[in-house]
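**Student:** From just these sequences and the hints, can you work out the full model?
Same order as they appear, the protein sequences are chains S and P.
Using the working numbering, you'd call the opening residue of the first sequence number 1 and step up by one each time.
Using the working numbering, you'd call the opening residue of the second sequence number 1001 and step up by one each time.
Calculated from the structure, these hints are not laboratory results.
Among the clues, some could well be false.
Listed below are the simulated DSS-like cross-link pairs for lysine-lysine, each with C-alpha atoms no more than 27 Å apart in a straight line [to be verified]:
(1) P/1054 / S/49
(2) P/1078 / P/1041
(3) P/1041 / S/22
(4) P/1054 / P/1041
(5) P/1078 / P/1015
(6) S/69 / S/58
(7) S/77 / S/22
(8) S/49 / P/1015
(9) S/22 / S/49
(10) S/77 / P/1044
(11) P/1015 / P/1044
(12) P/1041 / S/49
(13) P/1054 / P/1044
(14) P/1041 / P/1015
(15) S/69 / S/22
(16) P/1078 / P/1054
(17) S/69 / S/49
(18) P/1044 / S/22
(19) S/22 / S/58
(20) S/58 / S/77
(21) P/1044 / S/49
(22) S/77 / P/1041
(23) S/69 / P/1078
(24) S/49 / S/77
(25) P/1051 / P/1015
(26) P/1078 / P/1044
(27) S/69 / P/1044
From the derived model, a few chain S residues whose C-beta atoms are all more than 10 Å from chain P [claimed, not checked]:
(28) 1
(29) 14
(30) 17
(31) 18
(32) 32
(33) 55
(34) 61
(35) 75
(36) 86
(37) 87
(38) 92
(39) 104
(40) 112
Even glycine gets a Cβ: it sits at the ideal position worked out from N, Cα and C.
In case you want the letters, here they are:
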Amino acid sequence: AQSVAQPEDQVNVAEGNPLTVKCTYSVSGNPYLFWYVQYPNRGLQFLLKYITGDNLVKGSYGFEAEFNKSQTSFHLKKPSALVSDSALYFCAVRDGGGGSYIPTFGRGTSLIVHP
Amino acid sequence: EAGVTQFPSHSVIEKGQTVTLRCDPISGHDNLYWYRRVMGKEIKFLLHFVKESKQDESGMPNNRFLAERTGGTYSTLKVQPAELEDSGVYFCASSQLTSLNTDTQYFGPGTRLTVL
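**Tutor:** Here it is in structure tokens:
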């Protein structure tokens, strides 16, 4: 069975500093990986996805994520955090190896960017 | 282009009552998904429609939950009778009918259901 772990319930970072939101996964086939963000009182917004190709994926709002097969990780990063980045972030995985196409989500990580 | 919309945004009902949630997907999206997130936990899959047909309903908790998508446009999710453990945020998502493993799902704002 596939799974996603977001080991940190909350990440605190000062505005202007780099941020990392961690995600590790387990899947039997090739991993298709996704990041979503949920701002307060809003739905989930798609940030970026990794399907194949370059391990560094660039997405919306200056975010990027690096696929690391050996560490089974897909950490979300941004070089310089903004207060407006404060939100709930979800990582998700799907099986690209012929298994279930249904995504498995992590529990979410609350990112708080302090002014 | 309008995004995925859901109605109502909030619903507070008593145990034993019935509630119907509605989702309007992005126009032209044949795939429609329902998910639920219980406070502080994962977002969990409930079911998937392709047009008006149920493709996968393996995540539906029990027979108190009934989803429909008549005509392949909007969808409803009815909970009857509601129980305390049904409380949570119900998300709807839609996508175009491409590869199901790689399609990007676009989510609605969710319906927060509270069962007292």
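**Student:** Look at each hint and say if it fits the structure.
**Tutor:** Hints versus structure:
As the CA atoms of residue 1054 of chain P and residue 49 of chain S are separated by approximately 26 Å, the hinted pair is consistent with the 27 Å bound. Restraint check: the Cα-Cα separation between residue 1078 of chain P and residue 1041 of chain P comes to about 22 Å, which is no more than 27 Å; the hinted pair holds. The hinted pair formed by residue 1041 of chain P and residue 22 of chain S meets the criterion: a straight-line CA distance of about 16 Å does not exceed 27 Å. Of the pairs offered as hints, the one joining residue 1054 of chain P and residue 1041 of chain P holds, with about 26 Å between alpha carbons and a cut-off of 27 Å not exceeded.
Of the supplied pair hints, the one linking residue 1078 of chain P and residue 1015 of chain P holds, its CA atoms being roughly 14 Å apart against a limit of 27 Å. Only pairs whose Cα atoms come within 27 Å are accepted, and residue 69 of chain S paired with residue 58 of chain S is accepted, the gap being roughly 17 Å. At roughly 9 Å between alpha-carbon atoms, residue 77 of chain S and residue 22 of chain S fall within 27 Å of each other, so this suggested pair holds. The straight-line distance between the Cα atoms of residue 49 of chain S and residue 1015 of chain P is roughly 40 Å, outside the 27 Å bound, and the hint therefore fails.
Distance check on the hinted pair: residue 22 of chain S and residue 49 of chain S sit about 15 Å apart at the alpha-carbon level, within 27 Å; holds. Distance check on the hinted pair: residue 77 of chain S and residue 1044 of chain P sit about 25 Å apart at the alpha-carbon level, within 27 Å; holds. For the suggested pair residue 1015 of chain P and residue 1044 of chain P, the alpha carbons sit about 22 Å apart, so the restraint of at most 27 Å is met. Of the pairs offered as hints, the one joining residue 1041 of chain P and residue 49 of chain S holds, with about 22 Å between alpha carbons and a cut-off of 27 Å not exceeded.
Restraint check for residue 1054 of chain P and residue 1044 of chain P: the C-alpha separation of about 17 Å stays at or below 27 Å, so the hint holds. This hinted pair checks out: residue 1041 of chain P and residue 1015 of chain P have alpha carbons roughly 22 Å apart, not beyond 27 Å. Using a Cα cut-off of 27 Å, the hinted pair residue 69 of chain S and residue 22 of chain S holds, with the two alpha carbons roughly 14 Å apart. In summary, the hint linking residue 1078 of chain P to residue 1054 of chain P is supported, as the alpha carbons are separated by about 15 Å, within the 27 Å threshold.
With a CA separation close to 15 Å, the supplied pair residue 69 of chain S and residue 49 of chain S stays within the 27 Å bound. A distance of roughly 20 Å separates the Cα atoms of residue 1044 of chain P and residue 22 of chain S; the hinted pair therefore holds under the 27 Å criterion. Note on residue 22 of chain S and residue 58 of chain S: the hinted pairing holds, with a Cα-Cα distance of about 16 Å set against a maximum of 27 Å. Our distance criterion of 27 Å between C-alpha atoms is met by residue 58 of chain S and residue 77 of chain S, whose separation comes to about 10 Å.
Only pairs whose Cα atoms come within 27 Å are accepted, and residue 1044 of chain P paired with residue 49 of chain S is accepted, the gap being roughly 19 Å. Restraint check for residue 77 of chain S and residue 1041 of chain P: satisfied, since their Cα atoms lie roughly 23 Å apart, inside the 27 Å limit. Proposed proximity of residue 69 of chain S and residue 1078 of chain P is contradicted: the alpha carbons are some 41 Å apart, above 27 Å. Taking the CA atoms of residue 49 of chain S and residue 77 of chain S, the gap is about 13 Å. The hint holds against a cut of 27 Å.
With a C-alpha separation of about 32 Å, the suggested pairing of residue 1051 of chain P with residue 1015 of chain P is violated against the 27 Å cut-off. Among the hinted pairs, residue 1078 of chain P with residue 1044 of chain P is consistent with the structure: their alpha-carbon atoms are about 17 Å apart, no more than 27 Å. For the given pair, residue 69 of chain S sits about 25 Å from residue 1044 of chain P by alpha-carbon distance, which is consistent with the 27 Å threshold. Against the 10 Å criterion, residue 1 of chain S stays outside the reach of chain P, whose nearest CB is about 12 Å from its own CB.
The claim that residue 14 of chain S is not at the interface with chain P holds, since no C-beta of that chain comes within 10 Å of its own (minimum 25 Å). At roughly 26 Å, the least C-beta separation between residue 17 of chain S and chain P is larger than 10 Å, which holds for a residue marked as non-interface. Remark: the non-interface label on residue 18 of chain S is consistent with the geometry, its nearest Cβ contact in chain P lying 26 Å away (cut-off 10 Å). Distance to chain P contradicts residue 32 of chain S as a non-interface residue, since its nearest Cβ pair spans about 6 Å, not more than 10 Å.
With a least beta-carbon separation of about 17 Å from chain P, residue 55 of chain S lies farther than 10 Å from that chain, consistent with its non-interface assignment. At roughly 16 Å, the least C-beta separation between residue 61 of chain S and chain P is larger than 10 Å, which holds for a residue marked as non-interface. Here residue 75 of chain S stays apart from chain P, with its beta-carbon at least about 18 Å from theirs, past the 10 Å limit. Annotated as non-interface, residue 86 of chain S keeps its C-beta farther than 10 Å from every C-beta of chain P; the closest such distance is 18 Å.
Its beta-carbon lying about 13 Å from the closest one in chain P, residue 87 of chain S satisfies the requirement of being farther than 10 Å from that chain. Distance check for residue 92 of chain S against chain P: the nearest CB is about 8 Å away, which does not clear 10 Å, and the non-interface claim fails. Taking the minimum C-beta to C-beta distance to chain P, about 8 Å, the non-interface status of residue 104 of chain S is violated against the 10 Å cut. For residue 112 of chain S, the non-interface assignment is confirmed: its Cβ lies about 16 Å from the closest Cβ of chain P, beyond the 10 Å cut-off.
Checked against the numbered hints given earlier, the structure breaks hints 8, 23, 25, 32, 38 and 39 and satisfies all the rest.
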